[in-house]
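Colleague: So the chains spell out like this:
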Amino acid sequence: MSTAALPARGRAALGPAWAWLALVAAGFLLWTVLDARLARDLLDWLPYLASGFAMNILISVLAMSAGTLAGVTLGAMELSASRLVRAPAVAYVQVFRNAPHLVLIFATTYIFPFEIVVAGNYLPFPDWLKAVFGLAIPASAYVAEIVRGAIQSVPTTQWDAAKGVGMSRGQTLRWIILPQCLRRALPPWMNLYASITMSTALASLVGVHELLHAATDASTAVRRDDFTIAVYLTVLAAFFLFCFPISRLTRRLERRFAPR
Amino acid sequence: MIDQAVRTFVALAGEVGLHYDFLLSPSEVRPWIAGMGTTLLLVLLAIPLSLAAGVAFAAALTSGRPWLAGPVRAYVELTRNTPTLVQLMFAFFALNMLLSKALGGAANNPFTPFFWVVAVTGLHIAAFHAEALRGGIEAVPAAMVETAHAIGFSSFEVLRYVTLPLALRTAMPAIVNNLVNLVKLTTIGSAIAVGEVTYASIMIWTQRDNVLELMIVILLFFGFINTVLSQIGRYVERRLAVPGYGV
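Going down the list, the protein sequences come from chains A and B.
Residue 86 in the working numbering is what sits at position 86 of the first sequence, and the numbering runs on without skipping anything.
Residue 45 in the working numbering is what sits at position 45 of the second sequence, and the numbering runs on without skipping anything.
Hints in this document: simulated from the structure, not taken from any laboratory.
Fair warning: this is a prediction, and the values are worked out from it, not measured in the lab.
Beta carbons: idealized from backbone N, C-alpha and C, even for Gly.
Where hints are given, some of them may not hold.
Reference excerpt, derived from the structure (chain A facing chain B, CB under 10 angstroms, subset only) [unchecked claim]:
| id | residue |
| --- | --- |
| 1 | W31 |
| 2 | A107 |
| 3 | L182 |
| 4 | R184 |
| 5 | L212 |
| 6 | S219 |
| 7 | A221 |
| 8 | V222 |
| 9 | F244 |
Reference listing, derived: stretches of chain A covered by chain B, where coverage requires no fewer than 3 residues with Cβ under 8 angstroms from a Cβ of chain B [said to hold, decoys possible]:
| id | region |
| --- | --- |
| 10 | 126-136 |
| 11 | 145-153 |
| 12 | 189-199 |
| 13 | 229-237 |
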């Protein structure tokens, strides 16, 4: 009974806000529709802006994939019985969770070489790939904490109980422990993905051609106040339309997975 | 004596291949130290702003009045789901420009880049505080609120004396976490040439190509601020703890 009431209350919480969000969007659309010149300029620049946003998504997906791989390893290391394994992982997580993303992007951009030599071949190491590493570092530190929390949230007695009903260690992990860990870890992991996606805008400050950089290009090329405002609003709208559904879905999953 | 210590440090660091030579040049060190001061000032101004605005937003969200909760909820969603750097660019290049126009030229505009960094980062984190506090306010048992109303408290008094004090306690860990993020966010000030520690460091490493050396100091600096912040948070949490309430 209570489970049926929960989603309804969640939706009601956003109730009047939908109207306000729609009002903001309608105001912006109306402005561009009424001003034909502005609409034409925006449409002209739209493909350029879109190519920028594709870069944001590429960086975020790669950074999150690398961060997740490294983070799962680090999270497991944090729970190791050996201090020798545990200590470096704990230190890494501590340092890079406290480090500003912008500083890490600067670090990887300026410290990594602009090309790497693999078996005598010079391979270019472009700035956008360095930004991927710059964001993968904090992502891995956060994933490590998420993984550690998820594993610790499953009481160890469940291992014993599973053994009691005759399950092997592998079976216990596959059917008892991992499903619960995934439920705990998925919502914060999605939040982290949205957060990393928003941080990709920082790459514009080291010259990566992404959405914010494209918007600055467009605004300096057109040099008109109304266009500058409109183009930055477009950037805000693009990130919002990408991240808002993720955050809504996250909240829905949180409610569904909440321990009752 | 300090001079001697710095010289020894530079020599020792040089031994292991780290170049801190700039520490011996006053014209480079001074703006760099000033940059650390600017970061601290940004943090000290943005934290109270974020807390005050966060409480106000949380009060609006839980007021039960759609005309008040609606726009604030929309603001919170917009802020949480767009990059802070883009918000800062929008505020500085669009809003600030409009303000300059309205006031008759940039010379008459009292709003500096420094102001915009404090305002944008503070109000951005306020949205996160508001969510944490709202959760805390809604977690206060309904019977307690009804009792307060029954003995004659107005809605504001219920918030001021009953729900908010309890919500502050449950939301403390989340608020400290948000403040740590706020400290890290102030680095975006370098995008609009606010001379905080990142910006000051960029000025040095473009001349000397000693990124790694400065990076170590920056990470230690932020690690230090955030450790102090967490300690203060933990102390306040302990002091405020109500025995038997919450977990």
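Colleague: Compare the structure with each hint and give your call.
Modeller: Hints and how they fare:
1. W31: With a minimum Cβ separation of about 13 angstroms from chain B (threshold 10 angstroms), the hint on W31/A is violated.
2. A107: holds (5 angstroms)
3. L182: violated (23 angstroms)
4. R184: The hint is violated - R184/A has no Cβ within 10 angstroms of chain B, the shortest such distance being about 17 angstroms.
5. L212: holds (6 angstroms)
6. S219: Holds - the Cβ of S219/A comes within 10 angstroms of chain B, reaching about 7 angstroms at its closest.
7. A221: violated (14 angstroms)
8. V222: violated (13 angstroms)
9. F244: holds (5 angstroms)
10. 126-136: violated (count 0)
11. 145-153: Coverage by chain B is violated for the region 145-153 of chain A (0 residues, Cβ < 8 angstroms).
12. 189-199: holds (count 3)
13. 229-237: holds (count 5)
The structure fails to meet hints 1, 3, 4, 7, 8, 10 and 11 from the earlier list, while all remaining hints are met.
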